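What follows is each chain in one-letter form.
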Amino acid sequence: MQGGSGGEHPENSSLLAFLRGQQLEDSERIRLHLVHCKQCQQSFANLSHESKPLDILSQMSRYQRYPELSPALILRQIQRGAQKQSIWSSLAWRTVNRPRPKKSAVRLVSLPVAFGVGLLCMTVIIVLAYTFAHFVSVPPLPGVLTSGMSDNQPNQASVAQHQPTPSPTQVVMATETTTATSTVTGSPASTGTPSKSHHRPSISDCSAKLGSAQYPLVICGSNFNPGDTVTVKEYVFWNKFETNDTSVTVDANGKFTDYLKIISCKIIYLAFIAEDTVSNPVVDSNTLVENPMWGCSGSNHLYG
Amino acid sequence: MTDEQVVERLRARDAQTFCALIERLQHPLTGYLHRLVGDREVALDLAQDTFLQVYKEIGKTSGDLSLDAWIYRIATNYGLRYLNRKRLKQFIRLESQEGINESLATAGPEEQAETRILVHQALDRMNPKDAAVLQLHFGNGFNYEEIGQILKVSSEAVRKRAARGVDKFRALYGQAPAVETPAAEAQLIASQESARLGAQFIAPGEVVPKRDGR
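Protein sequences appear in the order of chains A and B. All letters in the first sequence, in the order written, are residues 1215 to 1518 by the working numbering. All letters in the second sequence, in the order written, are residues 138 to 351 by the working numbering.
Because the hints were derived from the structure by calculation, they are not lab data. All figures in this text were calculated on a predicted structure; none of them were measured in a lab. Watch out, some of these pointers could steer you wrong.
Only part of the chain A face toward chain B is listed, based on derived beta-carbon distances under 8 Å [as the list claims (entries may be wrong)]:
| hint | residue |
| --- | --- |
| 1 | N1226 |
| 2 | S1227 |
| 3 | L1230 |
| 4 | Q1236 |
| 5 | S1241 |
| 6 | E1264 |
| 7 | I1270 |
| 8 | M1274 |
| 9 | Q1278 |
| 10 | Y1280 |
| 11 | L1289 |
| 12 | A1296 |
| 13 | A1466 |
In the DSS-like style, the derived pairs of lysine-lysine whose C-alpha atoms are separated by at most 25 Å in a straight line are [to be verified]:
| hint | chain 1 | residue 1 | chain 2 | residue 2 |
| --- | --- | --- | --- | --- |
| 14 | B | K197 | B | K223 |
| 15 | A | K1454 | A | K1475 |
| 16 | A | K1266 | B | K305 |
| 17 | A | K1447 | A | K1423 |
| 18 | A | K1423 | A | K1475 |
| 19 | B | K266 | B | K297 |
| 20 | B | K193 | A | K1266 |
| 21 | B | K297 | A | K1266 |
| 22 | B | K226 | B | K193 |
| 23 | A | K1423 | A | K1454 |
| 24 | B | K289 | B | K223 |
| 25 | B | K297 | A | K1252 |
Here are the computed distance ranges between Cβ atoms for each label pair [said to hold, decoys possible]:
| hint | chain 1 | residue 1 | chain 2 | residue 2 | range |
| --- | --- | --- | --- | --- | --- |
| 26 | A | S1284 | B | R210 | 19 to 27 Å |
| 27 | A | S1262 | B | K226 | 32 to 40 Å |
| 28 | B | A152 | A | H1250 | 58 to 66 Å |
| 29 | A | S1324 | B | T139 | 54 to 62 Å |
| 30 | B | T198 | A | L1322 | 37 to 45 Å |
| 31 | B | R218 | A | S1324 | 42 to 50 Å |
| 32 | A | S1262 | B | Q142 | 34 to 42 Å |
| 33 | B | K226 | A | Q1256 | 39 to 47 Å |
| 34 | A | H1250 | B | A294 | 24 to 32 Å |
| 35 | A | L1283 | B | D140 | 22 to 30 Å |
| 36 | B | T139 | A | L1322 | 49 to 57 Å |
| 37 | A | S1262 | B | T198 | 33 to 41 Å |
| 38 | B | Q153 | A | S1324 | 41 to 49 Å |
| 39 | A | S1262 | B | P246 | 44 to 52 Å |
All C-beta atoms, glycine included, are put in the ideal place defined by N, C-alpha and C.
If we strip away everything but chain B, and leave its shape as in the complex, we get (with noise of 0.2 Å):
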């Protein structure tokens, strides 16, 4: 079934559709919110305000539809207002300054933990836009122009920003505190003794070469 005959399945209210777009979206979809916002139980909200979204809206949009695209435009906009507010809301004390999320450090492989943790921590200082197109190619596997469509703006424009992204993903990497929660230490602390039976651990200082050295 083409794009277009799911589009008019949709707006045609047909169940068996929507809950065939669910079962394929669901799961990469909150995970990219997840890795987004850097919290489960708000990426699982997200996800399904994103749904519903999808599903009141579906009959306003017109007939060349790049329907995934358009599903992570709305999935992206939830996670940065999101991402908006909270920051205002540590800006204003409103709410405290909270480490990565431990769920995010714990899915995958032990040996990895601290990178993931480090990769979390150095997206979540990043500019919201620029941590989600590095998440939407590095995470999703979205091409330039399929992220230029889900953000609204040229490839050309993705290009840079991607290159932006990573320049400013490899200062903060570097930079990053290894460690804000005692389930991370305890992670670190696991995931180093790994390192030291011979498991493959990408340190900092391995990882980012230092500019001088260029």
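This is chain A alone, in the form it adopts within the complex (with noise of 0.2 Å):
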């Protein structure tokens, strides 16, 4: 905006400025400006009389009047104020200010670091698990085949440990399952004397072989005294548990076949055993232990 003395108007702040007498960089101007510019003199004019009621401010901090509290007093009270802090003041310095340990690459790498030496262990932990359960097997039952039907060989400690009751016929076996034991091992020692102990009586399933139709259960016996009876047992389970016998003849080479029928698929066959009962001592096969559903294939329907 022009002025009629051919400067710019001075702005309202600036015409306050020089009416209370503050340093400006252009007073001289403005000075110069308001001799010849009647507007501003109005502006000026105006400002002067607006403002004037606020001068009753600077009067009144003369008049105004406080306690007259000694300035020693004041200052104890300041001292005592600073030392008291509120407990949240304090909690927040002390949290602001509590010592941290620098962050070191250490620190950054702890943590994946832990974590995988967690899974490294957790992995160490099943490996090991799962190789104990697969090599630490459970022992075996005494007395029981657990190699199934396949395994035709007589299971010396089992039966030695089948024998119902504690009997000479123990004494005798066990003497006989330690001269056995020689001769398989070819040890001289214990081949001076054979005899026809030397071959254990045994049994086994023939059922693959000799097995029909009518007879799908064959139990083969061998190294008997010939012609002698054998009564093989049948240890079943049909509602309750039960032994069937059945006697058989050992023909001349100390055999036997024993021709089974299954009633029916709903008898569980336990195991079976052979008993020499004509020689004394009497003497035992070994126990030769099957699947409950010998011979039934998976069926239950009844047989013979």
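Assemble the dimeric complex from its two separately framed chains, guided by the hints.
This is the structure in structure tokens:
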């Protein structure tokens, strides 16, 4: 805006500053402008009037009265106040100023490393458990063939422990077992007196070779005394535990064959054992343990 | 003793220097806060808080500290914070809107009572920062540069803020309700009587010319 004197009109803020005697860069220019510019003179006068009531503020400060506290007393209160800190402010101070260790590279990688180590430990534990479960098998029950029907070899330990009651038989059996083992190993000390007891009586499953539709279950015996009568005991479970005995005669080769009928597939054959009751003492064969559904091919239809 | 020496002694917790400082600033600082917040008791508390803050924080300041400006800045911040909280409380109706504090109306010649009330009512309705500039300049006599130091703004900004403040003040001064409290009303009547008797009285109509008349 151009004034009458050719200069720009000063702003109201500059006029007020000039009025209030404040330092201005262009105070001289304003002064000269005011001499010639009627409009600015009017503005200046208005400002002077408008701000006049505010002068009362400076007068008021002279009349305001406050309790006269000695500076020493105030200082004492201040010192007491400075020592007192609220719980929150002291807590905040402690939180902000708490010494913290520097974040080193080790600290930064510690978490992933810990995670990796934990994972590794878990893997090792799982592998060990798996290995233990596979290589440490549960010891078989006494007198039980764990290899099933395919294992036709006599289980000496099981036979020895399968004696129903302690009797002189056990003593003989133990002697025979020891002798047989010695023969197998070929020890010179044990091969001095060969006898018929070198081959222990045993039974096996001949169903695959000799079985028929009528007699699906065939038990073969060997190493028995020729001409003796052998009792084949069948331990079965058909609603309750039962024992069925069948007698067979041993042929000249010391063998026998017992053809058995399966009356029902609901019968669960638990075990077979052959006893040479003629010989003295009684000689037991090995114990044959088989599939409960023996000869039924998974069906439960009736045979024979 | 120069300002720097005073600051140095204050940092050293020199009790004598502190007492001298309190003695010098206690009255004007409390008066400034009183006029700013409009409540005498609050002003006394805030002045105390200001000195406490000075005591606690003086050690953290730099060497070229303008001591008075710094202390007034602390006081202004306390005053503005109080006013903001008060306005917030009034806004959410936690605190009723009070009239002008009587202590301000009674401080001074009786014939100026109404002017004091009107001035404070107008300042009370202004932006607190603008009101603070006017209080510091007109009430405490700080120049624009000093006010700039107190408020941490340039003197140019203070100049504009002062002009804006005066402009608003002019508008509000004419509109402000003259009387809100019985005590103020009694004083107003008394001052009107004085005016009739010839004492100087600044009526709102006389002091604030309308913009159209410029």
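Going down the list of hints, with the structure as the test:
Below 8 Å, beta-carbon pairs count as interface contacts, and N1226 (chain A) has one with chain B at about 5 Å; its hint therefore holds. The beta carbon of S1227 (chain A) comes within 3 Å of a beta carbon in chain B, closer than 8 Å, and the hint placing it at the interface holds. With its C-beta approaching chain B no nearer than about 5 Å, L1230 (chain A) sits inside the 8 Å limit, and its interface hint holds. Interface restraint check: Q1236 (chain A) against chain B, minimum CB-CB distance 5 Å, threshold 8 Å, status holds.
Violation of the interface hint for S1241 (chain A) is found here, the shortest Cβ-Cβ separation to chain B being roughly 12 Å, above the 8 Å cut-off. Annotation: interface hint on E1264 (chain A) holds; nearest CB of chain B at approximately 4 Å, less than 8 Å. The closest approach between the C-beta of I1270 (chain A) and any C-beta of chain B is roughly 5 Å, which is under the 8 Å cut-off, so the hint is satisfied. Satisfaction of the interface hint for M1274 (chain A) is found here, the shortest Cβ-Cβ separation to chain B being roughly 5 Å, below the 8 Å cut-off.
This hint holds: Q1278 (chain A) has a C-beta 4 Å from the nearest C-beta of chain B, less than the 8 Å allowed. The restraint placing Y1280 (chain A) at the interface with chain B holds, with a minimum CB-CB distance near 5 Å, inside the 8 Å limit. Against a cut-off of 8 Å between C-beta atoms, the interface hint on L1289 (chain A) holds, since the closest Cβ of chain B lies about 5 Å away. Contact between A1296 (chain A) and chain B, as hinted, is supported at the beta carbon level, the nearest pair being about 5 Å apart and thus within 8 Å.
For the restraint placing A1466 (chain A) at the interface with chain B, the shortest Cβ-Cβ distance is roughly 119 Å, beyond the 8 Å limit, so the hint is violated. Pair hint K197 (chain B) plus K223 (chain B) does not hold up; C-alpha atoms about 30 Å apart against a cutoff of 25 Å. Between K1454 (chain A) and K1475 (chain A) the alpha-carbon distance is near 19 Å, which keeps this suggested pair within the 25 Å criterion. Distance restraint check for K1266 (chain A) and K305 (chain B): the Cα-Cα separation of roughly 14 Å lies within the 25 Å cut-off, and the hinted pair is therefore satisfied.
A threshold of 25 Å between alpha carbons decides the hint, and for K1447 (chain A) with K1423 (chain A) the separation of about 21 Å falls inside it, so the pair holds. Straight-line distance between C-alpha atoms of K1423 (chain A) and K1475 (chain A) comes to about 16 Å, which keeps the hinted pair within the 25 Å bound. With a CA separation close to 12 Å, the supplied pair K266 (chain B) and K297 (chain B) stays within the 25 Å bound. Simply put, K193 (chain B) and K1266 (chain A) have alpha-carbon atoms about 39 Å apart, too far for the 25 Å limit, and the pair is violated.
Among the hinted pairs, K297 (chain B) with K1266 (chain A) is consistent with the structure: their alpha-carbon atoms are about 18 Å apart, no more than 25 Å. With a C-alpha separation of about 29 Å, the suggested pair K226 (chain B) and K193 (chain B) falls outside the 25 Å cut-off, and the hint is violated. With a C-alpha separation of about 31 Å, the suggested pair K1423 (chain A) and K1454 (chain A) falls outside the 25 Å cut-off, and the hint is violated. Of the supplied pair hints, the one linking K289 (chain B) and K223 (chain B) holds, its CA atoms being roughly 24 Å apart against a limit of 25 Å.
Restraint check for K297 (chain B) and K1252 (chain A): satisfied, since their Cα atoms lie roughly 23 Å apart, inside the 25 Å limit. Taken as a hint, the range 19 to 27 Å holds for the pair S1284 (chain A) and R210 (chain B), whose Cβ atoms sit roughly 26 Å apart. The given range of 32 to 40 Å is respected by S1262 (chain A) and K226 (chain B), whose C-beta atoms sit roughly 38 Å from each other. Checked against the given bound of 58 to 66 Å, the beta carbons of A152 (chain B) and H1250 (chain A), roughly 59 Å apart, stay inside it.
Against the hinted window of 54 to 62 Å, the Cβ-Cβ separation of S1324 (chain A) and T139 (chain B) comes to about 56 Å, which satisfies the hint. Against the hinted window of 37 to 45 Å, the Cβ-Cβ separation of T198 (chain B) and L1322 (chain A) comes to about 38 Å, which satisfies the hint. Range check, R218 (chain B) to S1324 (chain A): Cβ separation about 45 Å, and the 42 to 50 Å hint holds. In this structure the hint that S1262 (chain A) and Q142 (chain B) lie 34 to 42 Å apart at CB holds, the actual value being about 41 Å.
Remark: the range hint 39 to 47 Å for K226 (chain B) to Q1256 (chain A) is upheld by a beta-carbon distance near 43 Å. At roughly 30 Å, the beta carbons of H1250 (chain A) and A294 (chain B) sit within the given window of 24 to 32 Å. Range check, L1283 (chain A) to D140 (chain B): Cβ separation about 25 Å, and the 22 to 30 Å hint holds. For the pair T139 (chain B) and L1322 (chain A), the beta carbons lie near 52 Å from each other, so the given range of 49 to 57 Å is met.
Separated by about 39 Å at the C-beta atoms, S1262 (chain A) and T198 (chain B) satisfy the suggested range of 33 to 41 Å. For the pair Q153 (chain B) and S1324 (chain A), the supplied restraint of 41 to 49 Å is violated, since their beta-carbon distance comes to about 56 Å. Remark: the range hint 44 to 52 Å for S1262 (chain A) to P246 (chain B) is contradicted by a beta-carbon distance near 22 Å.
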